[in-house]
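> As given, the protein sequences belong to chains A and B, one line each in that order. For the first sequence, the UniProt record's numbering gives the first residue as 1, with consecutive numbering after it. For the second sequence, the UniProt record's numbering gives the first residue as 1, with consecutive numbering after it.
You may find that some hints are simply not true.
Same chains, same names: a pair is fine if it fits in one copy or spans any two.
What the hints assert, rightly or not - Heads up, simulated DSS-like pairs for lysine-lysine below, C-alpha to C-alpha not over 27 Å straight-line:
no., residue 1, residue 2
1, 191, 59
2, 242, 49
3, 241, 228
4, 190, 49
5, 28, 113
6, 113, 211
7, 242, 135
8, 59, 49
9, 211, 117
10, 117, 242
11, 135, 211
12, 6, 49
Just so you know, these hints were derived from the structure itself, not from any lab.
Number of protein chains: 2
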Amino acid sequence: MKDMEKLSIVKIGGNIVEQEEALNRFTKSFAHLEGRKILVHGGGKIASKLAGDLGIEAKMVNGRRITDLETLKVVTMVYAGLANKNIVALLQANHCDAIGLSGADGDTIRTVKRPVKTIDYGFAGDMTPTSIHTKRIQSLLELNLFPVFSAITHNGEGQLLNTNADTIASALAIGLASSYAVSLIYCFEKKGVLSDIADDHSVITEIDQTKYTALREQGIIADGMIPKLDNAFDAIAQGVKKVIIKHADDLADEHAGTTIF
Amino acid sequence: MKDMEKLSIVKIGGNIVEQEEALNRFTKSFAHLEGRKILVHGGGKIASKLAGDLGIEAKMVNGRRITDLETLKVVTMVYAGLANKNIVALLQANHCDAIGLSGADGDTIRTVKRPVKTIDYGFAGDMTPTSIHTKRIQSLLELNLFPVFSAITHNGEGQLLNTNADTIASALAIGLASSYAVSLIYCFEKKGVLSDIADDHSVITEIDQTKYTALREQGIIADGMIPKLDNAFDAIAQGVKKVIIKHADDLADEHAGTTIF
Chain A
1 MKDMEKLSIV KIGGNIVEQE EALNRFTKSF AHLEGRKILV HGGGKIASKL
51 AGDLGIEAKM VNGRRITDLE TLKVVTMVYA GLANKNIVAL LQANHCDAIG
101 LSGADGDTIR TVKRPVKTID YGFAGDMTPT SIHTKRIQSL LELNLFPVFS
151 AITHNGEGQL LNTNADTIAS ALAIGLASSY AVSLIYCFEK KGVLSDIADD
201 HSVITEIDQT KYTALREQGI IADGMIPKLD NAFDAIAQGV KKVIIKHADD
251 LADEHAGTTI F
Chain B
1 MKDMEKLSIV KIGGNIVEQE EALNRFTKSF AHLEGRKILV HGGGKIASKL
51 AGDLGIEAKM VNGRRITDLE TLKVVTMVYA GLANKNIVAL LQANHCDAIG
101 LSGADGDTIR TVKRPVKTID YGFAGDMTPT SIHTKRIQSL LELNLFPVFS
151 AITHNGEGQL LNTNADTIAS ALAIGLASSY AVSLIYCFEK KGVLSDIADD
201 HSVITEIDQT KYTALREQGI IADGMIPKLD NAFDAIAQGV KKVIIKHADD
251 LADEHAGTTI F
């Protein structure tokens, strides 16, 4: 079997999207990243601020946003409009031929409205095993375009849906893993997975499944880091080559951050 | 020379975009339009309403919007976000494989910030003879995708710009006229160019340059219709096969409206 072409899927959070200088730095280093690549972004506090300015109350349950119709309009405007188009324009200025997409565009990501159990999350979209239109995304990559996904998807029946950006990134990575050697890169506000949460320099360079089990048993990896790493190992199990957790400013540094494999 | 493939470029105004039922009807008939096609849309009063809700004063000079930075944010959110993604999702629901684009996406439309003469229009983008990335748009059409353009473009240096949707539609038509037999279709609130403005059924079926001169001399075509028709004849002169002015509800009816050739 011949070597598969490399593909980097990079996820950035709202904290980068909403800071002009951080976003300028990030788009510059993303533009210079070699090979095929996809960007996935949230929109973060801009959406909450806009909702606030419009008198729409932010509804949260268990740390997750409840997407009522008014909130859906706001996140569609902010994520798929303002944030997405600004990022694309900045990438273009850095000679990166970016194309901004929601999941509705080219039917790239089709989700289902989250079923109502105890909580009605409203217009929240959940992934299914066939959500990612692999062939379509591949055809865009083969035009030497760099897709930039906002966290808005659709259900194929005319309804836009708000979808978690981390989930989109990992679903894209898994969906494209049979066509490319995928590196999934989560940029966040820390330099990686830390062995001492109080020490920013205590980055654990590599974690495999055995080491993960040990780190959990020792209590070094705990709380919010557990679902992140569980998702990372799930992606690895489904064919993604490696998952990297690093600071956005370290995107260009191949040796920075924590590599999960 | 072999016959060129047909391409329809359809422009709809904000009055359709903002009315749920009109938009449902329109997206259904656009989806059923045969052959390759491109949609260009405005966003109209939704942008003004949002600006109003946010306390941003709409600035107009000579009937044209002054795009200050706050207004640019609003139109980017409404045109490229809310309106564009809703239209794309509705088209997808009608089995039309639409892809929503601003001019920044894939560098499809690169404009220049309007030079300040007596009036500073702010972040308004003007077309140049090389604005349309013909090859890129053609490559998307050849993936059997149907581009849906919002009226947001970019200058290639990271700046988004607000651009007139009519102008985008005619620039696309002219830019693609060497590759396709282009019909440029302007949908508006009348059934076509009327010989009697008080009679909705007095549609002039066909207008060529000779007839246009006569109709102007007779005062039958006057006021706001003159720039529209001047632009139409300009497009014809630059290779567009025909320009059709019709009601959005008549899109499916090949014989409806006024054909300029």
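> A separate judgement is required for each hint: does it hold in the structure or not?
Now for the hints, and whether the structure bears them out:
| no. | hint | result |
| --- | --- | --- |
| 1 | 191 / 59 | neither (31 Å within a copy, 46 Å between copies) |
| 2 | 242 / 49 | neither (35 Å within a copy, 47 Å between copies) |
| 3 | 241 / 228 | within (16 Å within a copy, 56 Å between copies) |
| 4 | 190 / 49 | within (24 Å within a copy, 40 Å between copies) |
| 5 | 28 / 113 | between (35 Å within a copy, 23 Å between copies) |
| 6 | 113 / 211 | neither (37 Å within a copy, 55 Å between copies) |
| 7 | 242 / 135 | within (22 Å within a copy, 36 Å between copies) |
| 8 | 59 / 49 | both (13 Å within a copy, 24 Å between copies) |
| 9 | 211 / 117 | neither (36 Å within a copy, 66 Å between copies) |
| 10 | 117 / 242 | neither (34 Å within a copy, 55 Å between copies) |
| 11 | 135 / 211 | neither (36 Å within a copy, 50 Å between copies) |
| 12 | 6 / 49 | neither (38 Å within a copy, 46 Å between copies) |
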